[in-house]
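Chemist: The residues making up each chain are set out below.
Protein chains: 2
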Amino acid sequence: VTQNIYDNAGFFAGYAQLRRSVDGLDGAPEWPTLKSMLPDVRSKRVVDLGCGFGWFCRWAREAGAASVLGLDVSANMLTRARETTADPAITYWQADLETVELPAASFDLAYSSLTLHYLVNLAALFGAVHRALAPGGRFVFSAEHPLYTEPGPDYLDEGPRTTDWLAKGVVKQHRTLAGYLNLLIDAGFAVRRVEEWGPTRDEIAAHPEWKIDHRRPSFLLVSATR
Amino acid sequence: VTQNIYDNAGFFAGYAQLRRSVDGLDGAPEWPTLKSMLPDVRSKRVVDLGCGFGWFCRWAREAGAASVLGLDVSANMLTRARETTADPAITYWQADLETVELPAASFDLAYSSLTLHYLVNLAALFGAVHRALAPGGRFVFSAEHPLYTEPGPDYLDEGPRTTDWLAKGVVKQHRTLAGYLNLLIDAGFAVRRVEEWGPTRDEIAAHPEWKIDHRRPSFLLVSATR
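Sequences listed follow chains F and H, in order. Read in order, the letters of the first sequence correspond to residues 10 to 235 in our numbering. Read in order, the letters of the second sequence correspond to residues 10 to 235 in our numbering.
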């Protein structure tokens with residue numbers, strides 16, 4: 010069972026102040042790369058797995074998606090998401106992504122941003138997404154990069170990692186990059202593109218407040234086809 | 010142009026004494042995993058890219074391959090490889106893997122062990138391999154893992170790395186894991202399996218002479234389909 014840290018009041022308050030929470034997609038440094046891996050969403054039926062405040066759901070509709078279903082386990086997040094739109098083509102459901110069942114072959118694009126590294130049973134979700142996509146449908150996601158979740162000598166040991174980030178005892182699931190890809194392939198997906206996103210040297214120089222001096226990746230971005 | 014370090018006398022002398030050179034496939038700790046990623050080779054036409062002493066070529070024939078072509082840039086390696094077999098179904102060619110042209114759709118399996126991380130123009134080889142494989146043909150390879158070639162903070166900076174291993178100034182080409190996979194996908198391959206191989210905790214405990222205390226991967230193993 011995945012920890013629902015987003016309904017922890019302290020965590021939620023901190024999360025709501027992150028740049029990506031305040032400014033949305035434009036506040037996420039990896040968004041331009043992730044966006045470049047998306048298909049044209051016009052007239053597409055879209056599902057967002059871990060939709061948070063709904064920034065991507067609203068973006069997809071503005072970009073012409075026919076409908077968007079946003080799923081999240083956090084009641085706090087969904088309350089905020091629902092407050093930000095009156096668009097009848099955007100629906101928000103509270104759902105546990107480890108056990109969610111979606112209607113078969115009903116979506117053209119499944120999207121997920123920085124959610125999958127919380128899930129214990131990722132194979133179950135990948136199977137559900139594969140069934141929920143129409144033939145030729147696309148699955149585009151970001152996750153915390155394995156080298157970010159586990160930068161140390163235990164890279165090959167998959168399993169939970171506990172960190173203090175916005176709250177004490179936040180549990181993330183470490184998987185190797187091969188682990189993510191083999192789960193996708195085993196679920197029936199064809200991998201189309203893999204990106205290991207990290208800041209460029211120019212970005213590091215321009216943001217001394219980031220206090221980083223490395224070109225290790227922070228996000229894993231994957232595009233796959235059903 | 011790729012450095013041909015294997016025809017450096019000092020390097021070759023050292024290489025010839027490695028356990029994987031003396032004992033062949035059984036002396037390579039990653040071989041059981043790599044072997045598990047191979048198709049049944051019976052009656053298959055096989056090409057080995059960077060065949061070295063020919064250990065895999067001979068194994069493939071013993072396992073029932075119809076024919077095996079071993080390619081290597083090193084005259085030293087090929088001389089030794091030719092001395093070890095009189096099998097008329099094994100052929101050895103000296104070839105630069107960056108510029109080699111192979112007959113179209115003429116192989117069922119392309120194999121490469123710990124060679125690709127030396128190549129500057131890997132895209133050219135992947136294209137040549139794709140053309141050389143029959144439809145449905147398989148490409149299975151190992152390479153030094155990117156975290157082994159570049160364990161430091163510059164993981165995302167692809168390019169040459171110079172090390173002193175068996176000889177001074179050995180040049181390897183660092184690519185990210187995503188870099189390898191995207192080159193494969195761009196060449197038309199479907200990725201079937203990715204393994205990041207490193208020693209198990211038991212192996213580390215059993216081999217104190219390895220002097221390692223980490224579970225970082227040392228080899229990248231990939232299986233793909235044309």
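Treat the hints with caution; some may be incorrect.
Each pair may be met inside one copy or between any two copies, as identical chains are not told apart.
Pairs of lysine to any residue residues, derived as SDA-like cross-links and limited to a Cα-Cα distance of at most 20 Å, are as follows [what the hints assert, rightly or not]:
(1) K44 / S227
(2) K44 / G188
(3) K177 / R210
(4) K220 / G161
(5) K220 / R67
(6) K44 / E92
(7) K220 / D163
(8) K177 / L192
(9) K177 / T100
(10) K220 / P97
(11) K220 / P162
(12) K220 / E107
(13) K177 / G23
(14) K220 / M46
(15) K220 / T11
(16) K44 / G33
(17) K44 / G178
(18) K44 / E212
(19) K220 / Q12
Hint data in this document are derived by calculation from the structure and do not stem from the laboratory.
Chemist: So, for every hint listed, does it hold in this structure?
Modeler: The hints, checked one at a time:
1. Proximity of K44 and S227 under a CA criterion of 20 Å is satisfied intra-copy only: 17 Å inside one chain copy versus 32 Å between copies.
2. In this homomeric assembly, K44 and G188 come within 20 Å of each other (Cα to Cα) only across copies, at 19 Å, whereas the closest approach inside a single copy is 24 Å.
3. Proximity of K177 to R210 under the C-alpha cut-off of 20 Å is found in neither arrangement, the shortest distances being 32 Å within a copy and 30 Å between copies.
4. Taking the shortest alpha-carbon separations for K220 and G161, both the intra-copy value of 19 Å and the inter-copy value of 17 Å come in at or below 20 Å.
5. For the homomeric pair K220 and R67, neither the shortest alpha-carbon distance inside one copy (32 Å) nor that between copies (53 Å) is at most 20 Å.
6. In this assembly of identical chains, K44 and E92 lie within 20 Å of each other by CA distance neither inside one copy nor across copies; the values are 25 Å within and 55 Å between.
7. For a Cα distance limit of 20 Å, the shortest separation of K220 from D163 across copies, 16 Å, qualifies, whereas the shortest one inside one copy, 24 Å, does not.
8. When the C-alpha separation of K177 and L192 is checked against a cutoff of 20 Å, the pair qualifies neither within a copy, at 30 Å, nor between copies, at 41 Å.
9. Taking the shortest Cα distances, K177 and T100 never come within 20 Å of each other, neither inside one copy (32 Å) nor across copies (62 Å).
10. In this assembly of identical chains, the alpha carbons of K220 and P97 never lie at most 20 Å apart, being 43 Å within a copy and 62 Å across copies at closest.
11. In this homomeric assembly, K220 and P162 come within 20 Å of each other (Cα to Cα) only across copies, at 14 Å, whereas the closest approach inside a single copy is 22 Å.
12. Within a single copy, K220 and E107 get their C-alpha atoms no closer than 35 Å, and across copies no closer than 40 Å, so neither meets the 20 Å cut-off.
13. For the homomeric pair K177 and G23, the shortest alpha-carbon distance inside one copy (12 Å) is at most 20 Å, but the shortest distance between copies (52 Å) is not.
14. For the homomeric pair K220 and M46, neither the shortest alpha-carbon distance inside one copy (29 Å) nor that between copies (42 Å) is at most 20 Å.
15. Within a single copy, K220 and T11 get their C-alpha atoms no closer than 31 Å, and across copies no closer than 37 Å, so neither meets the 20 Å cut-off.
16. Within a single copy, K44 and G33 get their C-alpha atoms as close as 13 Å, which meets the 20 Å cut-off; across copies the closest is 47 Å, which misses it.
17. Taking identical chains as interchangeable, the C-alpha atoms of K44 and G178 are never at most 20 Å apart, the minima being 32 Å within one chain and 41 Å between chains.
18. For a Cα distance limit of 20 Å, the shortest separation of K44 from E212 inside one copy, 19 Å, qualifies, whereas the shortest one across copies, 43 Å, does not.
19. Taking the shortest Cα distances, K220 and Q12 never come within 20 Å of each other, neither inside one copy (29 Å) nor across copies (38 Å).
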